[in-house]
Structures are given as structure tokens and as C-alpha cells.
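Protein chains in written order, with this note's numbering: chain F, 443 to 543; chain D, 443 to 543; chain B, 443 to 543; chain R, 443 to 543.
Keep in mind that the hints were calculated from the coordinates and are not lab data.
Be aware that one or more of the hints could be misleading.
Because identical chains cannot be distinguished in the list, a pair is counted as satisfied if it fits within a single copy or across any two copies.
Straight-line C-alpha distance at most 30 Å; calculated DSBU-like pairs for lysine-lysine [unchecked claim]:
1) K543 to K523
2) K460 to K471
3) K543 to K460
Residue strings, one per chain:
4 protein chains.
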Amino acid sequence: MLAEFTIFPIGEGVSLSKYVSRSLEIIDKSGLPYRINPMGTVVEGEWDEVMELIKKCHLAILEDTERVSTAIKIDDRKGVKNALDRKIKSVEEKVGRELSK
Amino acid sequence: MLAEFTIFPIGEGVSLSKYVSRSLEIIDKSGLPYRINPMGTVVEGEWDEVMELIKKCHLAILEDTERVSTAIKIDDRKGVKNALDRKIKSVEEKVGRELSK
Amino acid sequence: MLAEFTIFPIGEGVSLSKYVSRSLEIIDKSGLPYRINPMGTVVEGEWDEVMELIKKCHLAILEDTERVSTAIKIDDRKGVKNALDRKIKSVEEKVGRELSK
Amino acid sequence: MLAEFTIFPIGEGVSLSKYVSRSLEIIDKSGLPYRINPMGTVVEGEWDEVMELIKKCHLAILEDTERVSTAIKIDDRKGVKNALDRKIKSVEEKVGRELSK
Numbered sequence: 443m444l445a446e447f448t449i450f451p452i453g454e455g456v457s458l459s460k461y462v463s464r465s466l467e468i469i470d471k472s473g474l475p476y477r478i479n480p481m482g483t484v485v486e487g488e489w490d491e492v493m494e495l496i497k498k499c500h501l502a503i504l505e506d507t508e509r510v511s512t513a514i515k516i517d518d519r520k521g522v523k524n525a526l527d528r529k530i531k532s533v534e535e536k537v538g539r540e541l542s543k
Numbered sequence: 443m444l445a446e447f448t449i450f451p452i453g454e455g456v457s458l459s460k461y462v463s464r465s466l467e468i469i470d471k472s473g474l475p476y477r478i479n480p481m482g483t484v485v486e487g488e489w490d491e492v493m494e495l496i497k498k499c500h501l502a503i504l505e506d507t508e509r510v511s512t513a514i515k516i517d518d519r520k521g522v523k524n525a526l527d528r529k530i531k532s533v534e535e536k537v538g539r540e541l542s543k
Numbered sequence: 443m444l445a446e447f448t449i450f451p452i453g454e455g456v457s458l459s460k461y462v463s464r465s466l467e468i469i470d471k472s473g474l475p476y477r478i479n480p481m482g483t484v485v486e487g488e489w490d491e492v493m494e495l496i497k498k499c500h501l502a503i504l505e506d507t508e509r510v511s512t513a514i515k516i517d518d519r520k521g522v523k524n525a526l527d528r529k530i531k532s533v534e535e536k537v538g539r540e541l542s543k
Numbered sequence: 443m444l445a446e447f448t449i450f451p452i453g454e455g456v457s458l459s460k461y462v463s464r465s466l467e468i469i470d471k472s473g474l475p476y477r478i479n480p481m482g483t484v485v486e487g488e489w490d491e492v493m494e495l496i497k498k499c500h501l502a503i504l505e506d507t508e509r510v511s512t513a514i515k516i517d518d519r520k521g522v523k524n525a526l527d528r529k530i531k532s533v534e535e536k537v538g539r540e541l542s543k
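Given only the sequences and the hints, what does the whole structure look like? Please build it.
So, in C-alpha cells, the structure goes:
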């Protein structure tokens, strides 16, 4: 399955890149394939490994903050592998050209 | 923590209440406090029990469908209990009257 | 259509009820049917009136804050009126009893 | 502001790339800077131009389908330009290396 998630603390100032980079260290070390975008990170994996990763990031942000907002969007399609690249390729084929990524 | 979630199959027709009610049977039996609204269900609990419940609902819908879309929004604030009722009360106190629920 | 939305400032402390109640004053005055829940507000209306309302709330929060996070989830089904109550009734009928709201 | 959005029909089968590519044609022609990812599209612009674009895509999908689900996540930070690239750069600087995009 694919899961996009966004995690940030509430009440720790307006600059969040310190917290986002802490999450990304954890994601990068997890070994799961992922893609970052300006609004979140998309990972691909089975339910348990994906959710374990998101929990780890969520708890790492909560460690020294008081309130954390986390949003997760899951697209789970049976029998589909490598959806991380396939979804974009499939759309670019239909549009007939490369799109801005 | 509070978690609102919405789970539905893609490609099984436009009427989803059959699937939503299957989720709600599972939620109702879980024992976790919850509130349904027209766009999802909000539950309150610890990370593991909330995520175990959402996984159960997600897999129940995926059982006889091919693709499932699940969205989860988490608000995790340290030391806050009974947020399910407290958040609404706190806003109604500030607004100075009861609001439509 | 139905639209659930959540609007809050980032970097203004952990307590958000002051900002949420400012939004709810605007929503309540709009005349559009709505329901609040612990994680957001669901309104029913046509695209333009719903989006005009959300814009008003978003700008009201942005007025004296530096960064605002807004999430909107839309369910637009042709020919359906009074979805705010109908969706819950339809699920309760299938489950066979009243659910926690 | 930045807005990530995802639009898809409910009840039109499990393959959605036909609909996603229709949206992307509209986005690409809009002239607004955007980035696609496996779970949605992020655009940058002022509230009115961004919302006009999302409305156009939403209505294009609704044209020959019966039910459409649209999710929008907005990050609006005063005085920030070119957030589409800046947010990722800022995180990569903190992490100290390039990340998977």
C-alpha cells in the first residue's frame, strides 16, 4: 500500500523544518521506499511496517513537544507492487508527456 | 489522542453505507469512545489501540473489495483526557452558546 | 456537497479553541447547515458558497497569525440533498441501532 | 500558499488514472507552478487562483461521474514565496543530504 503522511508539532513556532528533518532521518533509515514532496512523504509497504514507521516519527516529534498533528492518507490496492513509480508513469502515459515532479 | 478516520472502497459503486456500517460494527464493539459524523468517525485512545482498530476496519473493507482509501487525522496532546467532549465544550464556552452537532 | 474542514494556526501555542471559536462564529452566521465534531466542522452547500465560507474562516485566522494549516475533505454526490443527516441515518439503519454522535 | 489536492470519482472502477490525467491536463495548462506525487498534486499560488483551479478539476471529474471525493491540504505562510522548492531544500539542508523525491 501507499501512505502519505505529514507530522508537525503545534505551538512550537512557525518554522517546522527542524521537526520534519527529524522525521525524515527516521524514514530514510527505515529502508522503506519513499518520496518526499512539499506537503508530506509517501511511503510504500505493508500496513504494519508503514504504521510502525509513522508511529516512530510521531513519537519522535511528540518527545519534546506538547501537541502533534499527524495526517495519513492510504491507498491500498490489491496485487499492486511498486505503486510509488507506477502511478506517476501511468498518468504521464495518458497525458502523453512528462509532468513536473 | 483523538483520531478521525474515513475508510471506503473505490470501484464498488457510489453507495458506501454498506461498507461504512461494517466499519461501525467493529468500532462499536471495540469499546473505545467514539463519535460518528457525516464525514467520518472520531475515536479516543492510545496510539496502539486506535491504530489496531483502524487496521481492523481497513482490512474488513479490503476483504471483498479490490481497492480501499483510508484517511486518518490525529490530534495528540499530552496529558489531555476526554478530549472527545472537552474540545467541543471548550469552543462552545468561548462562543457563548450551544452549536449544531 | 458536504465539506469537512479544520483550520488552525501554527506557532500560536498549543491551545487553539480561541481560533476555532472565531471560525465557528463565522460558520454559524453563514446560514449554511453545519455540524461540529471534535476534529472539524462539516457544512453542506454548493461549491461556491462552501468555499467562500472556508476562505472567510481561513483569512480570519490568518489575520493575526503567521501560518495557517487548513484541511478540506469534500464528498460531492449528484442529486443528494440533506446529506448532513441522511448519511448518518442510512448507516444507523444498516447497523440497526443508534450510534454515538 | 501551498495546496495539495487529490480528486477521484467513487464508483467508476478501481483504475483512476484516466481521471487523474484529466485533472493534470487542466493543472498543467493553468500556468500555476505544481509538483505531482504518487498521492496528489501540490500547487502554489494565491487562494483564489488555487481554489479556482481545484474547482475546475473537481467539476471536470464530476461531469461524467456521479460522486467525487476531493481532499485539499493548505499550508499558508505569510511572506513566503517559492515554497514549492524551498520547503524541500530547507529540510535537505538540515538532514545534510539529498532525499528521495
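Flag every earlier hint the structure violates by its number, smallest first.
none
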